[in-house]
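First to last, the sequence lines map onto chains A and B. Taking this note's numbering, the leading residue of the first sequence gets 1, the next gets one more, and so forth. Taking this note's numbering, the leading residue of the second sequence gets 1001, the next gets one more, and so forth.
Simulated from the structure, these hints should not be mistaken for laboratory data. One thing to keep in mind: the hints can contain errors.
[Unchecked claim] Capping the alpha-carbon separation at 25 Å, the derived lysine-lysine pairs in PhoX-like fashion look like this:
| hint | chain 1 | residue 1 | chain 2 | residue 2 |
| --- | --- | --- | --- | --- |
| 1 | A | Lys107 | B | Lys1189 |
| 2 | A | Lys77 | B | Lys1189 |
| 3 | B | Lys1189 | A | Lys116 |
| 4 | B | Lys1189 | A | Lys133 |
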Amino acid sequence: MAAITLTDIVKRYPDGFLAVKGVSLDIADGEFVILVGPSGCGKSTLLRMIVGLEDITDGELQIAGKRVNERAPRDRKLAMVFQNYALYPHLTVFENIAFPLRLQKGKYSEDEIRRKVTYAAETLELQDHLQRKPANLSGGQRQRVAMGRAIVREADAFLFDEPLSNLDAKLRGQMRTEISRMQRRLGTTTVYVTHDQTEAMTLGDRVAVLRKGDLQQVASPRALYEHPVNLFVAGFIGSPPMNFVPGEVQGDVMKLPFAEVPLTDDLRRRLGDRTLVIVGIRPEHFEDHAVIQQQGRAGGVPFTASVDVTEWLGSDLYAYVPFETRPEVAGKLEELDRDLDGEGLRTQLVVALASDSRVRDGDDAPLWFDPAKMLVFDPESGENLTYDADAAREIDAQNEKDRKASIERAKKREAASASA
Amino acid sequence: MRGMSTRLKIGWAVIVIVVFTYTLFPVASIFATSFKLPGELNLGTFLPVHWTWDNYTQILGPDGSARDLFVPSLRNSIGISLIATAIAVVLATLAAYAIARLDFRGKRLILTTALGVSIFPVISIVTPLFNLWRQIGLYDTWLGLIIPYLSLTLPISIWTLAAFFRQIPWELEQAAQVDGATTWQAFRKAIVPLAAPGVFTTALIAFFIAWNDFVYGISLTSTSRARPVPAALAFFTGASQFEEPTGAISAAAVIVTIPVVILVLLFQRQIVSGLTQGAVKG
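Put together the whole structure using the sequences plus the hints.
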């Protein structure tokens, strides 16, 4: 168990490419931190620097308060799960899990090794497969063997490099909860790299969003979702992604392509003298106006939009509304789209409606949205003008409290089951 | 094979028998001939009328007439093939490792050159080599055969091993290091066990190529100093000028085949897994 501290970590490759541009991050003991970002953002490089497979060009890496920049991977006492599992194909599952123990010659007796491997195998429900070779296992089983190898190592921290990206969707969901359960139970510091924002949101105590080697924001999943610091974080977190539309300030109202929103005093103050901004609204902050009237909710802004395509998902109904963007912000939004690995397709609103909504494609549908949840971004810097630092801090503090309570609970459960 | 209809089974059986007969009949014939008396070679029977070891004593026995021709050539063949194989495998392993793992200029050039060398007809090089070897004193020496054998065995070894090494997951080396291994331990415990079957298969292929060569063997040697078995067989003579040396040649052919058969039988599993891994997945 150990805290990991990154201070101004820089990675420059021999060809001059700057992959990581001075990242500082404090990872507390027992915390589950996610490094997330689109491909090429430097998240894997950062992880490989922590484990020691890449040299650190500049900056300092501390594990448990000691500088480890110059230490070989084997001296860092970390365990890593690779994307393609990296199991030893010539060894049985048992020997694969026992591998780290056998490397420390003479430290463990045969009995101890057997006991530790059996414990790990039981944790991961691999008992029946111990004598098989990795080639005969399914993807999920291989994944669990790789995790077993990490568990027996009794490492200071677990590092995961996109461990679920080779699994199919159903298995991914199962393994996600499995990893979460294991981490809570063992209480081991964990750093987890992914490009999948569902994994980031569900697994992480805190999520670090990276973009082109720069750390954008580190916060709890909820704080990231509700209070992103900039356009990039707002666009990356959330699925379907946040809608970005141009917003023009005209007197007392903000003019959006589909509606006009009255300006509040607070918003006017935050806007300053900007006349054109980018407005971000999450799909779920829209609703079918008919549904709103049924529920008798007041407030909000009703508008009419022509719906292009609808997707009914059972729990939700997604409606797509094409709109014309403004040339002044089109460049910025296209750049954002590229950063997010997008395809630069048409500009459209994604609107999540209640599943019993009667809106169908081709309709001129009466819709509604909640302007209180609207985020406003500077069109040049992409900075979130509506960012509320205090609220974000509060969410993070609450999240930290929840995390400690959850580890406490897991420990109690463990103790109870051990004594029983 | 389950679920096959009876007709299909019979069809397959017929095909298998035809192919086996076609490929194994010459071998069986040589085997039978090697036990025939010289006077009974032309009786027209497949099996010998009187089984005899005469042909074997002729080439191996202390007073055998072909002994001085055969025994030194067997020694030459074994020695030259083993040395050529060893050198080829060591060089090819290093080359293939570099080709599989490193990115350097001229990588494609090396591979295409190797391919080019291996498809070059032996017969077109042998005459210039003959002249050159005589000039520089390599004619009729072991080294004089080992060098051209390398030109046959190296390219195919490099290709097989490069294909094999490419599909070794090198991430394992890193995984082992994170698991607590030193660089050397990571190589020995994670990579060598995976690479070994490939190296082994390559060694066997290289050995067979050197072992089977005839053209270099007969052109670049003149005495029992360096002459390998396939070439020596051509110099066998009968007991008198009216007798064909067919029996003795057959006996020698059987003996030369034995090590090959033994090697293949011993290591067939490794060969098969090595070939499929290297060739199919690579």
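Taking the hints in turn, this is what the structure says about them:
Distance hint between A:Lys107 and B:Lys1189 is fulfilled; the C-alpha atoms sit about 18 Å from each other, no more than 25 Å. Restraint check: the Cα-Cα separation between A:Lys77 and B:Lys1189 comes to about 19 Å, which is no more than 25 Å; the hinted pair holds. Straight-line distance between C-alpha atoms of B:Lys1189 and A:Lys116 comes to about 21 Å, which keeps the hinted pair within the 25 Å bound. The hinted pair formed by B:Lys1189 and A:Lys133 meets the criterion: a straight-line CA distance of about 16 Å does not exceed 25 Å.
Every hint from the earlier list agrees with this structure, and none is contradicted.
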